[in-house]
Structure formats: structure tokens, C-alpha cells
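These are the residues of each chain, in order.
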Amino acid sequence: MKTDLVAELCELIHLTSTDLPLAVEGKIRAAADSEVPGSAALQALETILENIRLARQNSTPICQDTGTPTFYVHYPRGVEPAAVTRQIHRAVELATAQGTLRPNAVHALTGINTGSNLGDDYFPLIHFTPTADECLSIDLLLKGGGCENVSAQYSLPDLSLNAARDLDGVRKVVLDAVHQAQGYGCAPGFLGVALGGDRAAGYSAAKEVLLSALDEPNSDETLSQLEKGLTQDANQLGIGPMGFGGKTTLLGTRITALHRLPASFFVTVCYMCWAYRRRRLTVSGGQVRYE
Amino acid sequence: MPRELHIPLMDEDILNLKVGETVRLSGVIVTARDAAHRWLVENIIHPRKPVSPEEQAIVDDLKRLLQHGVVYHCGPVVTGVETGDYRVTAAGPTTSIREEPYQAEVMRFFHLKGMIGKGGMGPTTLTACQAEPAVYFHAVGGASAVIAQTIQQVMRVHKLDFGVPEALWVWRVSQLPVIVTMDAHGASLHEQVRDRSRQALESLVIINRND
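Top line first, the protein sequences correspond to chains A and B. For reference, each letter of the first sequence is one residue, going 1 to 291 in my numbering. For reference, each letter of the second sequence is one residue, going 292 to 502 in my numbering.
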């Protein structure tokens, strides 16, 4: 197994920040076909598509807000999380100096920006999961503050929305979250939704479910139907790209269900902007692969 | 065809603009977001302690740049910060509503004719847009590469101690693409879309409310 991965991690960060996955771009292109010619909605989508092309061509960030760089590491026996952490920190620092990431780590009390994107144990954010597989995989998600700010958590029953502890209640609060978000989350967006869990697990899982493949159907038939229904319903709201009004408010929904306490039924909605920046690095022996 | 406007903007330009109109902006703009707006209101417009000569020099420069000018709610990615050979690689808008507590006062202080940002702003800013007159220009959120490409020159930067995203960057831009979403006649596309989508939401989900 290759052990010094700083260069590969720099490439992972670079790819994630500058080269939007084709599956995401395809969804945006399909949305553009459905908007009315001459509308503000279509103009916004055309600008977005041009932006994706330019960022890829010039190797510059798709969006200036590169968020809290969030890594998901699945590590086999023999790989030390502490060593991977050090290498991720080094790669983040280098990518920031090169202008691939914006320096985003700001001290909560003093407001001082560290300038390096290195803050504390939560910045950058690194999740470690041991795996029985032979290979090491590292997913990176870059998600800016605009959409992070409109993510939301509901506790069912929610009396103000008449939302009970059932799938219809889930539907109500998720659509409320999309309505509250308007264009602030840089619509058209993607939703990661977690049902159940405690509050912290809900937020964590709602974000992590955004790593699943875009067009792979949910293995749970009930959740799969709910995903499709929520995306369709959200697109009836007319919020549109950037909140300008229009047909495309959401490009997709992914849902995961966690066990919950008898007393708690949280529904957590993680809003991801159109600039759905995620990439995976896999290391297997001497082989390195980027997806 | 988009309307082409040059900064500094005339009142006549502003009064002619209506919500939904596409504009290409050219001229000098200054980025200002959370730290800058708060600093301007609390340390400059209503100073609790004497304004230092260094701060006064910055304010004098900003007054020249922003008289009938435009601020941009943006925290860019900039390389060359150590050497001063600045290059902006990503420059999309940030969410403007966070400046709602400050914006109207900043508009009046500098005689701004517009703000560029995303997501729109609230009733206090909308009222101030009618009084000045001024408008809110919406840039496409995340369109960092498209907008960075319109920057012809990084003229200077103020308050870099706020950090790269929060500093006040002075740029000469050419044909920056925006859409008017709040005009000087009291119209806000954001209010219109919010109201319509609220009705749509109620017909989708709250229609079966028991009360």
C-alpha cells in the first residue's frame, strides 16, 4: 500500500473543487431544457453551465466557497488514521496556498482566519471508518456556507406543519425546508435526508448520504418512492434556480433511515447547492484511482 | 439583450431598471461582506471611539470609489496574497441577507446605487432602495469562474487583516452579468417568489390541516 498520499490528496482536492462530476452537470443540463426560453431561470442555468465549463478549462474553483473540506476515509488494516490525518492536513494547506481552496477556518470568538484552512479537530472535518476491504478510499465533499446555513432539523410531530410521525409528516417537513431555503442554498439543489437518529447522527447521516451515487435507486422501495415524490413535489413550488422562479428547484433527493429512540423522531435535511462537489480517491496496493 | 451599465451609476439608470431585467455591469466595484459591513457601521458611521488615521484614509478612498457606486457581497479566492501579485480565481456572490442590519446605513453613508449579491435582501433595504434610489443586482450563486473572468484588474485591497474572504477588494470589472431582483420602485422578485411558493406549499401539504 502506498503510504505517502499528499500528492494524491492534493489531486483529489483539485478535482473536487474544479471539475464537477458529469452526472451532476447532466442533471443541470436536463433542467435547462425544461425552463422557458428568455426566463431568468434559464439564464441562471446557462450561466451555471458556462461556469462549470470555465472552471474545468481553467482549473479554477467552481465556487469560491469551498466550505469545510469534509473527508470520509474508509481504511483497511495497516493504515493509521493519525498518518492519514497528517497527510490530509498537509494537502489542505497546499491546496489553499495554490488557490484551489479558499481559506475558510475562522475562529468562532476572535473572527481571525487562520489563512491555512487548518483550524481544530473539526476543521477540516475527517470521518474515519475501518473496513475489511483491502483498499483505502477517501471521499471528499465540498459544500459552501450558503447551503449549509439552510440545512434544517425537524422533530416530529411538528404541530405548526401538522406533520405526524409518518411518511406524510416527513414529506411535509422536508417540503417546508425547501420552501424556507428559497434560493439561499443556491438552487437548484440536492437534498440529503436522514430519518431518525439522535440530533447529531441525523445531521451527520443527512450529509453522508450525499455521497451515494446519483442515479442508483435506493435499496429500500419505500424510501425510493419518497425520494422521487419529494423531488417532484419540490419542483411544484416554483422557487426555481437561484429563487428566480421556475420549474427546477431540486435536482434530486437521497434519504437514509436510522434507528431512533421511542421518544424522538428527527427529520434532518441537508441542502446541497447545485455545485455538488464530491470525488473519491481509492488506493489499492500501488494503484490509485479517482472517481 | 442585456442592458449595459457603467459605474458610477446615474439616478436615471437606476430608475429605469425593473425587477427581472438582465444587466452587464462595468466599472469599479468594492467587495464587502459580514466583517466589512459591521466595521463600517460600528467603527466608522457610528464610531464609539475616534476613527484612526489609517481607518480614515481607507474610508476616504471608499467614499471616492463608492459615490454612486456598487458594493459586491463576495468572499473571493485570491492567490498571490504574500507577494501582492493578486489574482482572483473565484468570485461568486455570498448570501446578502446577513448584511440586512447594516445595508441601509451603508447605502446612505456612501450614496451607493447598488449592491450585488445573492438571495436578495429584506424590507429595510428595499425601502432604502426607493429612498436613494438604488437597486439590488443578483449574481448567479456559485458562478465563480464566470465572474472572476470579468475582473480586469485588482486595484487594491483594504482591511486584509479581516482575512481574504472578508477583506474589501477593489476591482475593475467588465460586463459582470447580473439580474435586477429588487428595484427602486419597491418591487422585490424575492417577495413575489416567496409568496407564490408559499401558496404552492400550502396546496401541496397543509391543505389537509384539520383546523
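The set of hints was computed from the structure by calculation and includes no laboratory data. Source: prediction; values computed, not measured. Do not take every clue at face value.
Claimed, not checked - Beta-carbon label-pair distances, calculated as ranges:
| hint | chain 1 | residue 1 | chain 2 | residue 2 | range |
| --- | --- | --- | --- | --- | --- |
| 1 | B | 447 | A | 6 | 28 to 38 angstroms |
| 2 | A | 115 | B | 447 | 15 to 25 angstroms |
| 3 | B | 309 | A | 130 | 21 to 31 angstroms |
| 4 | B | 293 | A | 131 | 24 to 34 angstroms |
| 5 | A | 56 | B | 476 | 54 to 64 angstroms |
| 6 | B | 352 | A | 290 | 41 to 51 angstroms |
| 7 | A | 157 | B | 376 | 17 to 27 angstroms |
| 8 | A | 34 | B | 477 | 25 to 35 angstroms |
| 9 | B | 447 | A | 168 | 55 to 65 angstroms |
| 10 | A | 180 | B | 343 | 19 to 29 angstroms |
| 11 | B | 402 | A | 46 | 48 to 58 angstroms |
| 12 | A | 167 | B | 354 | 33 to 43 angstroms |
Backbone N, C-alpha and C define an ideal beta-carbon position, used for all residues, glycine too.
Comparing the hints with the structure gives:
1. 447/B to 6/A: 28 to 38 angstroms: At 35 angstroms between Cβs, range holds.
2. 115/A to 447/B: 15 to 25 angstroms: Holds, at about 19 angstroms.
3. 309/B to 130/A: 21 to 31 angstroms: violated, 59 angstroms
4. 293/B to 131/A: 24 to 34 angstroms: Check failed, 52 angstroms falls outside 24 to 34 angstroms.
5. 56/A to 476/B: 54 to 64 angstroms: violated, 40 angstroms
6. 352/B to 290/A: 41 to 51 angstroms: Distance hint for residue 352/B, residue 290/A holds at roughly 45 angstroms.
7. 157/A to 376/B: 17 to 27 angstroms: Since the Cβ atoms of residue 157/A and residue 376/B sit about 59 angstroms apart, the hinted range of 17 to 27 angstroms is violated.
8. 34/A to 477/B: 25 to 35 angstroms: Holds, at about 32 angstroms.
9. 447/B to 168/A: 55 to 65 angstroms: holds, 57 angstroms
10. 180/A to 343/B: 19 to 29 angstroms: violated, 42 angstroms
11. 402/B to 46/A: 48 to 58 angstroms: violated, 34 angstroms
12. 167/A to 354/B: 33 to 43 angstroms: violated, 58 angstroms
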